[in-house]
Amino acid sequence: MARGALRANKMRSFLTMLGIIVGVSAVVTILSVGQGARNLIMEQFDTVGTASSMVFSRTNIFNSDDAFTEEDLKMLRSRVPNLVRVAPMASDVAQMRTTRGEHTVFLFGIDENYDRITMSETVAGRLFTPRDFDSSMARIVLSADSAARIYNSYNVDGEVVTLISGGRYLNATVVGVSRSGFQKTMTQTMPEEMLRQSAAIVYIPLNSMRQLLGNEPVIMSLALLAEDVSDVDAVNRRSLELLHERHKSADREPYRAMSLTDVMEQANTIIDIVTIFIGAVAAISLLVGGIGVMNIMLVSVVERTREIGLRKALGATRRDILNQFIIESVILTTLGGLIGAIVGVVIANIIMYITGLKPVFTPVSFLLAVGFSVSVGLFFGIRPAMTAAALNPIDALRNE
1 MARGALRANK MRSFLTMLGI IVGVSAVVTI LSVGQGARNL IMEQFDTVGT ASSMVFSRTN
61 IFNSDDAFTE EDLKMLRSRV PNLVRVAPMA SDVAQMRTTR GEHTVFLFGI DENYDRITMS
121 ETVAGRLFTP RDFDSSMARI VLSADSAARI YNSYNVDGEV VTLISGGRYL NATVVGVSRS
181 GFQKTMTQTM PEEMLRQSAA IVYIPLNSMR QLLGNEPVIM SLALLAEDVS DVDAVNRRSL
241 ELLHERHKSA DREPYRAMSL TDVMEQANTI IDIVTIFIGA VAAISLLVGG IGVMNIMLVS
301 VVERTREIGL RKALGATRRD ILNQFIIESV ILTTLGGLIG AIVGVVIANI IMYITGLKPV
361 FTPVSFLLAV GFSVSVGLFF GIRPAMTAAA LNPIDALRNE
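Straight run, no breaks: the sequence shown in the numbering used here ends on number 400.
I should point out that these hints are in silico values taken from the structure, not numbers from a laboratory. No experiment lies behind these values; they were computed from the predicted model shown. Just so it is clear, CB atoms sit at the ideal spot from N, CA and C, and this is done for glycine as well. Just so you know, not all the hints are guaranteed correct.
Unchecked claim - Below are the DMTMM-like pairs computed for lysine to aspartate or glutamate, each with C-alpha atoms no more than 20 Å apart in a straight line:
#1 Lys248 / Glu71
#2 Lys74 / Glu303
#3 Lys74 / Asp111
#4 Lys358 / Asp272
#5 Lys74 / Glu241
#6 Lys358 / Asp145
#7 Lys248 / Glu70
#8 Lys248 / Asp66
#9 Lys74 / Glu121
#10 Lys74 / Glu216
Unchecked claim - Restraint ranges, calculated between C-beta atoms of paired labels, are given here:
#11 Gly315 / Ile382: 21 to 31 Å
#12 Ile276 / Leu357: 12 to 22 Å
#13 Glu71 / Glu253: 11 to 21 Å
#14 Gly214 / Asn268: 42 to 52 Å
#15 Thr355 / Phe277: 10 to 20 Å
#16 Leu378 / Asn82: 50 to 60 Å
Required output: the full structure, derived from the provided sequences and hints.
Right, here's the structure in full:
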């Protein structure tokens with residue numbers, strides 16, 4: 001009987017469910033996409049040694065007052081307990097002429113310790129070998145994003161490019177494509193305008209970078225490797241103390257440290273904030289949907305007053321009437337929840353298609369969505385059901 005009543009007003013039933021559909025789809029989407037984002041962060045976190053961290057200057061590459069020196073590296077190696085390796089990273093901006101045009105690039109000059117600290121992942125080709133750091137022949141490695149943006153492919157090893165800086169030219173051969181968890185952290189030393197216009201991140205041995213620039217590269221970042229994960233905070237703290245002591249400044253601390261744990265925590269915090277915000281919007285939508293269900297059910301009670309009176313006159317009890325209207329309400333919200341869950345899956349997959357972020361669908365998200373729907377139906381269906389059950393059959397039959 002409840003299903004028949006809902007079928008009789010299909011459009012009204014659908015419009016009543018709309019708020020529930022929107023709310024539940026938002027819940028499913030944010031839970032699946034949020035979990036997918038967390039998994040992606042963990043995957044990137046795993047590509048870098050968990051005992052790794054970075055110390056970098058708060059200024060950018062065009063203000064080299066706080067650049068690191070060889071003396072800084074020697075000091076850290078000798079005076080920081082549990083520090084296993086230190087890798088300098090020089091930063092500069094150049095033009096790169098390729099078979100696909102000319103691009104503004106960020107050059108990161110590194111030594112042989114860099115890959116050992118960051119555990120860079122080879123996407124195609126190879127990483128640098130010890131011979132590359134001593135060779136007069138310049139070789140470079142592109143970041144995965146850069147290779148995809150410039151060449152639309154990762155298979156670019158063997159490509160010859162020309163690097164241009166300050167009127168100086170250097171021919172270099174691409175030997176591979178890599179992915180490093182430190183990429184985003186390193187670009188914090190770059191001006192925002194350059195970040196927006198950048199086309200590529202290029203790794204190059206420090207000696208080749210010296211050839212290109214004609215002078216000593218500006219070292220703006222240091223990659224550190226602690227003996228153990230538990231030593232990372234102490235290593236960072238001691239490194240900053242020594243650096244700030246050596247580069248004294250009256251009104252500021254020119255350096256800061258960041259571990260991969262810090263990066264992951266910041267990213268998770270952002271995801272949590274977005275999840276809470278969208279969750280609040282979804283909760284409001286469910287509340288509005290629930291109120292809509294209650295209003296429609298109250299209207300339905302008024303419209304079906306004679307029907308209720310007739311059923312009571314034929315022997316239906318208060319409980320029968322109560323159950324009928326509660327069931328109608330629960331059917332509406334549950335159906336809305338199921339449709340919303342399907343819509344949420346579709347939206348999450350559209351997001352995956354656009355961004356490449358793989359959503360994670362769990363039974364918990366679907367149970368939560370359906371559970372919310374049933375709860376909303378029960379909560380907002382009680383009042384109309386009680387109103388219908390309380391009708392006097394004689395008065396109801398008199399109703400026109």
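Hint-by-hint comparison with the structure:
1. Simply put, Lys248 and Glu71 have alpha-carbon atoms about 15 Å apart, close enough for the 20 Å limit, and the pair holds.
2. At roughly 86 Å between alpha-carbon atoms, Lys74 and Glu303 are farther apart than 20 Å, so this suggested pair is violated.
3. For a cut-off of 20 Å, the pair hint linking Lys74 to Asp111 stands: about 15 Å separates their Cα positions.
4. Between the alpha carbons of Lys358 and Asp272 the distance comes to roughly 18 Å, so the proposed pair stays at or under 20 Å and holds.
5. For the hint linking Lys74 to Glu241, the alpha-carbon distance of about 15 Å falls within 20 Å, and the restraint holds.
6. A C-alpha spacing of about 17 Å is found between Lys358 and Asp145, which places the hinted pair at or below 20 Å, so the restraint holds.
7. Between Lys248 and Glu70 the alpha-carbon distance is near 17 Å, which keeps this suggested pair within the 20 Å criterion.
8. Note on Lys248 and Asp66: the hinted pairing holds, with a Cα-Cα distance of about 10 Å set against a maximum of 20 Å.
9. At roughly 28 Å between alpha-carbon atoms, Lys74 and Glu121 are farther apart than 20 Å, so this suggested pair is violated.
10. In summary, the hint linking Lys74 to Glu216 is supported, as the alpha carbons are separated by about 17 Å, within the 20 Å threshold.
11. For the hinted restraint 21 to 31 Å between Gly315 and Ile382, the CB-CB distance of approximately 24 Å keeps it satisfied.
12. In this structure the hint that Ile276 and Leu357 lie 12 to 22 Å apart at CB holds, the actual value being about 19 Å.
13. Checked against the hint of 11 to 21 Å, the C-beta distance between Glu71 and Glu253 comes to roughly 19 Å, which is consistent with it.
14. In this structure the supplied range 42 to 52 Å holds for Gly214 paired with Asn268, their Cβ-Cβ distance being about 44 Å.
15. Taking 10 to 20 Å as the suggested C-beta distance range, the pair Thr355 and Phe277 conforms, at roughly 18 Å.
16. Range check, Leu378 to Asn82: about 58 Å between beta-carbon atoms, so the 50 to 60 Å window is met.
When held up to the earlier numbered hints, the structure conflicts with 2, 9 and fits the remainder.
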